[in-house]
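Each protein sequence line maps, in turn, to chains A and B.
Per this note's numbering: the first sequence = residues 1 to 299.
Per this note's numbering: the second sequence = residues 1 to 301.
Restricting the straight-line Cα-Cα distance to at most 20 Å, the calculated cross-link-like pairs of lysine to aspartate or glutamate (EDC-like) are: (1) B:LYS260 - B:ASP70; (2) B:LYS260 - A:GLU255; (3) B:LYS260 - B:ASP53; (4) B:LYS260 - A:ASP160; (5) B:LYS260 - B:ASP68.
Quick list of the computed label-pair ranges, beta carbon to beta carbon: (6) A:ARG125 - B:VAL34: 21 to 27 Å; (7) A:ILE154 - B:LEU59: 23 to 29 Å; (8) A:VAL96 - B:THR51: 33 to 39 Å; (9) A:THR202 - B:PHE79: 52 to 58 Å; (10) A:SER73 - B:LEU276: 54 to 60 Å; (11) A:LEU108 - B:GLY227: 26 to 32 Å; (12) B:LEU80 - A:SER73: 41 to 47 Å.
Derived list of chain B stretches under chain A, where covered just means 3 residues or more per stretch with a C-beta under 8 Å from a C-beta of chain A: (13) 94–102; (14) 123–133; (15) 227–233; (16) 260–273.
If you're looking for bench data, these hints aren't it; they were derived computationally from the structure.
Backbone N, C-alpha and C fix where the C-beta goes; we use that ideal spot for every residue, glycine too.
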Amino acid sequence: MPTMLDRRTPAPVRKDPQVKARRRFHPLHWNFAGGLAGWLWLAIVVIPIYWIVITSLKLQDDYYDANPLAWPSDPTLENYRFVLENDFVRYFMNSVIVTVGSVGPAVLVSFMAAYAIIRGGAGSRFLRTVNGLFLMGLAIPLQAVIIPIYLIIIRIQMYDTLGAIIMPSLAFAIPLSVLVLANFIRDVPKELFESMRMDGATEWGTLWRLAFPLTRPALVTVTIYQGLTVWNGFVLPLILTQSPEQRTLPLALWEFQGQFSVNIPAVLAAVVLTTLPILTLYVIGRRQLLSGLTAGFGK
Amino acid sequence: MRTAPPGSNNAGGSGSVSWMAWPALIAFTLFGVVPLLGVLVLSFSSWTGQTTDIPFSGLDSWRAVLSDPDLPHALWVTFLIMALSWLVQTPISILIGVFLAARHRYRAVLAVLYFIPLLLSQAAISITYKALLDPNFGLGAGLGFPFLQQDWLGDGTLAIGVVVFVVSWQFIPFHSLIYQGGVRQIPASMYEAAQIDGAGRIRQFFNITLPQLKYTIITSSTLMVVGSLTFFDLIWVLTAGGPGGATQSLAVDMYQRGFKANLMGPASAIAVILVLFGLLLALGLRRLGGRDQADSQLEGA
Chain A
1 MPTMLDRRTP APVRKDPQVK ARRRFHPLHW NFAGGLAGWL WLAIVVIPIY
51 WIVITSLKLQ DDYYDANPLA WPSDPTLENY RFVLENDFVR YFMNSVIVTV
101 GSVGPAVLVS FMAAYAIIRG GAGSRFLRTV NGLFLMGLAI PLQAVIIPIY
151 LIIIRIQMYD TLGAIIMPSL AFAIPLSVLV LANFIRDVPK ELFESMRMDG
201 ATEWGTLWRL AFPLTRPALV TVTIYQGLTV WNGFVLPLIL TQSPEQRTLP
251 LALWEFQGQF SVNIPAVLAA VVLTTLPILT LYVIGRRQLL SGLTAGFGK
Chain B
1 MRTAPPGSNN AGGSGSVSWM AWPALIAFTL FGVVPLLGVL VLSFSSWTGQ
51 TTDIPFSGLD SWRAVLSDPD LPHALWVTFL IMALSWLVQT PISILIGVFL
101 AARHRYRAVL AVLYFIPLLL SQAAISITYK ALLDPNFGLG AGLGFPFLQQ
151 DWLGDGTLAI GVVVFVVSWQ FIPFHSLIYQ GGVRQIPASM YEAAQIDGAG
201 RIRQFFNITL PQLKYTIITS STLMVVGSLT FFDLIWVLTA GGPGGATQSL
251 AVDMYQRGFK ANLMGPASAI AVILVLFGLL LALGLRRLGG RDQADSQLEG
301 A
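If we strip away everything but chain A, and leave its shape as in the complex, we get:
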């Protein structure tokens, strides 16, 4: 992966003599301790993942005897069938609804707010205050405010609905999204905004025809990152819903574990199934996700 971690440094090009020099002089070129740690850690990361996958392909009886790291002698998709028959599709759809329903609107309103802050921030105390509020918001942990959120959800009579998960998820996706998007919009050359204005474009038109295409990589990053957060969210569904019909995947997984605790291969098949969609998204948007993460979290 040519460095996506820092937008200021272009990807290392092998032909560049300066890079060559740096590599020659770099003391870490033959870095034994780092190399050892790197490969050891890779094993620590990969072994459990390998174990999840192969175990999910075993029948319950095979799980107890053979070497746990051996490839299953008789791989089967039986566990996957079992999980899919146990309302997995419903939980999956709930997760999709919650994720799309919160991340889509969150990114849209964050994009508009970021644009407003960059375009109008200098001349408007209101927009500067709004910016400050979102930056403060980065520090608010969701768990710490879950009790008042629970109260609000009860009061507006949305307890035990998917909307109860969607609204706080949407709100908590805003601060970081605004920060990352504003950083990208700020890099759009001033002259481009000027010429749009000369052509008589409205701010709304400029937002969509100029800022949107130029900010697209950041929008993708923010969408993937927030999608990941909401898809894996556990606390909100745990506290704001109770009926099985409203379960999202992480919660379903947890309930599933309690229900079928003796059938570990089936539980692990469920783990694989909940992870596959996000893994697919990651493979598609990996570079942008990594670059966006560093833009958002600073260097």
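Put chain B on the given structure of chain A with help from the hints.
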């Protein structure tokens, strides 16, 4: 990114864009700002969470929480998990980050594999480790390694160790990527000069790499430390605070008081402590950096 102040792109007519900030502002105020004030208000109540009627009771909840021997314990557990996970994650992340920054050959493969733990939900990870560490049917029993075959989650000390390990398993990849970015920004000329002065590789690491990574270390530590305050999913699924309260952190304590024991007042007081704890830590780490890292970021550094 440039250090221009916000709004440097403004070409006049600022009033016409203000409305675009309203939808985000309203959404975040309703579910972010109002609850933050709400949690403080609720800490002065004896709300049960069962009714919509909220009786206020002054300082009762605070008195109850502050005199409860469980609180120092929860604080200690929270601190222990935070300190241990920092101690485990930081050196390994720096080592791997330095390694990733220098090597080119396998980086693409490594980056894909390293990142997978970050994609899994903490619920999925906890369920996996619970099965993997099972003393009777887990990896240890299957492979016949007596060391792995312990009652990992049944012993208080071991359970804390498991929590720290699982946290590290998920987040070391992320922090090593941050360090990889940090190492990349160290000018090669510094190493060239050191080379000419005859400094060995280890000296170079301690005299150049580590000091140059100062701000990266502070950023990464802030994320680790403040993030560790709110570990809930992981601990809840892995141990539910057990065995015997050994992994009962502040976040778990808050959940149990509020949503299990129906004591929303004391639970809110703990939430307030959690927020204050996090703010203090973030401010302390910022001071340690000597430079206002967060502020420079606020301006879109």
